[in-house]
Every structure is written in C-alpha cells, then in structure tokens.
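J.: So the sequence lines, in the order shown, correspond to chains A and B. Mapping to my numbering: the first sequence position 5 is 91, numbers consecutive. Mapping to my numbering: the second sequence position 29 is 72, numbers consecutive.
There may be inaccurate statements among the hints.
If we take Cβ atoms under 7 Å as the criterion, some of the chain A residues that face chain B in the derived model are [said to hold, decoys possible]: (1) F170; (2) Y187; (3) L190.
Lysine to aspartate or glutamate pairs mimicking EDC-like chemistry, simulated, CA-CA at most 16 Å apart [to be verified]: (4) A:K329 - A:D284; (5) B:K182 - A:D284; (6) A:K217 - A:D192; (7) B:K82 - A:E261; (8) A:K290 - A:D317; (9) B:K82 - A:D192; (10) B:K182 - A:E191; (11) A:K193 - A:E223; (12) B:K268 - B:E127; (13) B:K182 - B:E264; (14) B:K182 - A:D197.
In case anyone wonders, no lab produced these hints; they're calculated from the structure. For every residue, glycine included, the Cβ atom is placed at its ideal position computed from N, Cα and C.
Now for the letters of each chain:
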Amino acid sequence: MIEFRNVVFSIRDHVILLNVSFRVTRGQTRVILGPSGSGKSTILRLLMGLWEPDSGSILVNGEDITQASPERMRDIRRLMGIVFQQGALFDSMTVGENVGYTMLEDKHPEDEIEEAVERYLTMVGLSPDLKDRMPDELSGGMQRRVAIARALAARNPGVLLYDEPTTGLDPQSAERITDLILHLRDTMGKTSIMVTHDIADAFKVGNRITVLDRGVVVFEGTPEELNCAEDPFIEEFLEPFRKSMAAAKSREECGPNAGRSATGPPMPQPGGNP
Amino acid sequence: MEALAAVGNRLRRVLEVVQDVTLFCASVLRSAFFPPYYKHEIVEQIFFSMIGSLFIVMFSALVAGQALAIQLARELAKQGAKSELGHFMVISSVRALGPVLTGIVVASRMSAGITAELGTMRSSNQIDALVAFGTDPMKRLVAPRMIGLWIALPVLTILGDTLSVVGGGFIGLGYHVTLQSYYNGVARYLTPANLLVGMIKPVFFAILITTVACWKGLTAEGGAKGVGVATTESVVISSVGILVTDFICTKLIFRVLGW
C-alpha cells in the first residue's frame, strides 16, 4: 500500500505540492490527473525517493520513506518499477540490455537474462528480435513498450509507476500503450500509479483518480464521481474531453455512409473492411 | 544598500557552489576508492580517454616540444651553452610543460565529452532511471571516469614528454647540438624526482577534470541549451583549473618535498 500524507514540496521557494494526500491500496490503479505544471510527475519522483518532501510523510507498505536511509531506500525502490516520460531508455545500451538492466546489475546468469528479455519483450507486444537494436532505432511507441518491459523486468515489482506513458505518441500508438497498461493491470494485478494529463486515458485505466491543480488536490474519487463533479475547475478541465466524446458520439450517429468521402472510395472502418 | 545586498547574495551563491563542488569531489573520491567497481565501464573509460586522446596529445606534445626547443636552443647558443639543451628540455618538458599541456588537451576533449554525455542523460531522465533501478550514478558513471583518467593521464603525460624531448633533440641538430650531447643532458636530469614531479600533477588534474565535468553534467538544466552552456563552462573551468592546480602543485612540491 502507498500513502501520501500532507506532503509539501517546493523548489527555491516555489511551492510545487501543497498538503497532498491520497492512498493507493493493493491492486488498485490510481491515476494522477491534471494540467501541465500541476505537480503530477513530482509525486512519482517523491515516491521513488529521487526528491525529498519539505514536510509530510510518504508511506510504502506502512514504512515512511522520508525517514529511510539511502541503503533502505534502494531496497524500497526494488518494490517499484517506473516508466519515465519519453521512456528514458539508456541510449548507450541495446534494447535487450535495457530490458535486462536490473538482472545484469544483480549478476544473473546470461542465459537467464536472455530468456527474461525475450519473455518481457513478447509480453509488451514486441518481437524478441529487437533485443539487439539500439533505442534510437525504434519508434516512440516501441520505446515506451521497451520502457514498460524494463519496468516489469526490474525484479518483478509489485508496484508500477507510469509517468505520462502516452505523451507525444500518435493516437494509435497511445491506444496500444493504454491497452497494454490495462492488460497488465487485469492479468498481473499490479498496483499502479499513472500520471497523465490525458483524461481519456485516466477514465480508461483508473480505479481511482486524483486531480491536481497547481499542486493542490481538487478531486479524489472514482471515474464516475469525477464525471459528475461540479467543481468549476473540474468542469473546465473536463470540457475538451466531453466535447470530443460528444463529437465521437455524433460521429457514431452519422450512419453507414459516414466513412464515404465525397470523391474517393469509402474510408476504412476500425476493425473492419472498407 | 541594494548593491550591497546583491554583492552579499552573489557571494553567498559562490560559497554555496564551492561547498557543493567540494562535497561532490569528496563523494567522487569515496566512490573511486571503495567497491563495488563497474569493471566494464572502467575499461571502457580507460580506452576512451587514453586511445581517444592519444593522437592529439602526441601531436601537441611533439609540436610544442619542438617550438620550446627552438626558443631554448637560440638562447643557449647565444650564451655558448648549447650542450645544456637536453637539461633544459627535461626540466621544462617533464616537470612543467608536459603535464600541463597534456592536462589541457585531455581536459578540453574529456570534460566536453563527459559534461555533454551526463547532461544529456540528465535531461532525458536517464540518471533518474539509473537511481530508480537501484544504481548509484556516482559508482556507475563518475567513479569509472575518475579511475580511467587516473590511469590514462599519467600514461599520456609520459608519452607526451617522451615525444617532446625526442622532438627537441632533432631541433638541436639544427643548432649543431649532437644527439650524444643532447642525450647526455637528458639522461643526467631525467631523475626519479623530476619524473615523479611530472607524474604527481596528472593525478590532481584527473580529479579536477572529472569533478568539474561530472558536476557540470549532473547539474545541467534547461535542455539542449543548458547542456551546451554547461559543456562550455566545464571546458573553461577545467582548463583554467589545470593552470591553477599546476601552480599550486609546483609551489607545494618545492616547499614540502624540496624537489
């Protein structure tokens, strides 16, 4: 279980988080939602012990990590796997070395590492043949998948942290990544925290959602409760999403000829023939 | 009053930076002296700093040694002391010019490379990823660079000194200094103490280059532009720092060791 209790964090007198509190129970997927600059990614950095809060406590399985020694913090980090924004793959290593990084560090036998690398690459929907490629030879979507495989391979963590896993990807790649996160949630039962500003992703993936506005929690609840929230900030924040949903709905009501262009052949429909 | 406050703030920031760099340097030394070691990274860094800098160091040493020999030979010829060319070349190359020249050449190349690499890793979250996956960046990234330079810099200095002195001998031929006479001068003054003076300095230069380059890289902020600024500052600070370190080392060696 993970719990933030009244966490305050600032950088050079600029308050990033103010009295942030929430709890993530075992098997739950908590989405931290909010506009850019609201302090979402800071939460993950604090949780990984990369930064220290000014005050408040962060509990992992009941242990306050703000009081943990650097050695103890290294052990606590082993409980978690993180997928950074843009992947943050080690660009001097191959895909295989990235995925098997923690196993290499822990000095596992070579054949065991190779088998695990292939298994995790397959699990995230990539061909094991990619293991000898360098990260910059892969597309953005593939890099994120490798980053997820690396997080999973990191000592089989009980908690997965995703920092804007779909940012900067085209809609198809973003959807594949979201589906992969859902698949991992449903099949492996991992506890997850996903930071995103993508409202559709938040509704799709989250059991519980926390909304941040300029470092302050303005909402905490289920996706359904968020949809019905009457807070003016939430209303404004959700408006573009609701408009796109309404547009999608009206698109569904367009009828069978909706995909037919004015001059050309009919447009392809998802999952079906033109 | 405002100007005074601004000066005070500036001074405080400078002192904070000095404190940070000192603590960082202590941490670098601790990482380099105590296990665990990343052997593969150490070998890679020795290769990168030694083989990568070999040609440029040899070329610079040869050219600088010959330029120095021309100056010395002319002056010594005027004083009727041409036979002392070997002696003066050893003292100026092995004790003074050689280590500084090699240090500056390696600093320009290595500090730029190290700062740019670590700065890019920081801005793309790779450093955070290392920490998140349980790796100490000081152990994996910084200590191997320090150890690599500790080994590479003295070796490069010896090679540079050798080429510089040998090049001086050929210049001496043009001033009617025979190779035998030149060799005698070199052999007489190439004492263990003189050699050791030339070997002590690179050890401190390596600490300086690694500390400045890694600190600048690991604290680089502001994306590509920030990494560019940090790289430039790293090269400037390392190069000037080598001159200052050389002065301090020379002074201390004279005072403390009497060499």
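J.: Now tell me if each hint is right for this structure.
T.: Hints, verified against the model:
The restraint placing F170 (chain A) at the interface with chain B holds, with a minimum CB-CB distance near 5 Å, inside the 7 Å limit. Checking Y187 (chain A) against chain B by beta carbon gives a least distance of about 6 Å; that is within 7 Å, so the hint holds. Residue-level restraint check for L190 (chain A) is violated (minimum Cβ-Cβ distance to chain B is 10 Å; threshold 7 Å). Straight-line distance between C-alpha atoms of K329 (chain A) and D284 (chain A) comes to about 14 Å, which keeps the hinted pair within the 16 Å bound.
For the given pair, K182 (chain B) sits about 37 Å from D284 (chain A) by alpha-carbon distance, which is inconsistent with the 16 Å threshold. Note on K217 (chain A) and D192 (chain A): the hinted pairing is violated, with a Cα-Cα distance of about 19 Å set against a maximum of 16 Å. With a C-alpha separation of about 42 Å, the suggested pairing of K82 (chain B) with E261 (chain A) is violated against the 16 Å cut-off. Proposed proximity of K290 (chain A) and D317 (chain A) is contradicted: the alpha carbons are some 21 Å apart, above 16 Å.
Of the pairs offered as hints, the one joining K82 (chain B) and D192 (chain A) holds, with about 15 Å between alpha carbons and a cut-off of 16 Å not exceeded. Restraint check: the Cα-Cα separation between K182 (chain B) and E191 (chain A) comes to about 12 Å, which is no more than 16 Å; the hinted pair holds. At most 16 Å may separate the alpha-carbon atoms for a hinted pair to count; K193 (chain A) and E223 (chain A) exceed this at roughly 27 Å. Under the criterion of a C-alpha separation no larger than 16 Å, the hint pairing K268 (chain B) with E127 (chain B) is inconsistent with the structure, at around 52 Å.
The suggested pairing of K182 (chain B) with E264 (chain B) is violated, with an alpha-carbon distance near 22 Å, which exceeds 16 Å. Between K182 (chain B) and D197 (chain A) the CA atoms are separated by roughly 26 Å; this puts the pair beyond 16 Å, and the hint is violated.
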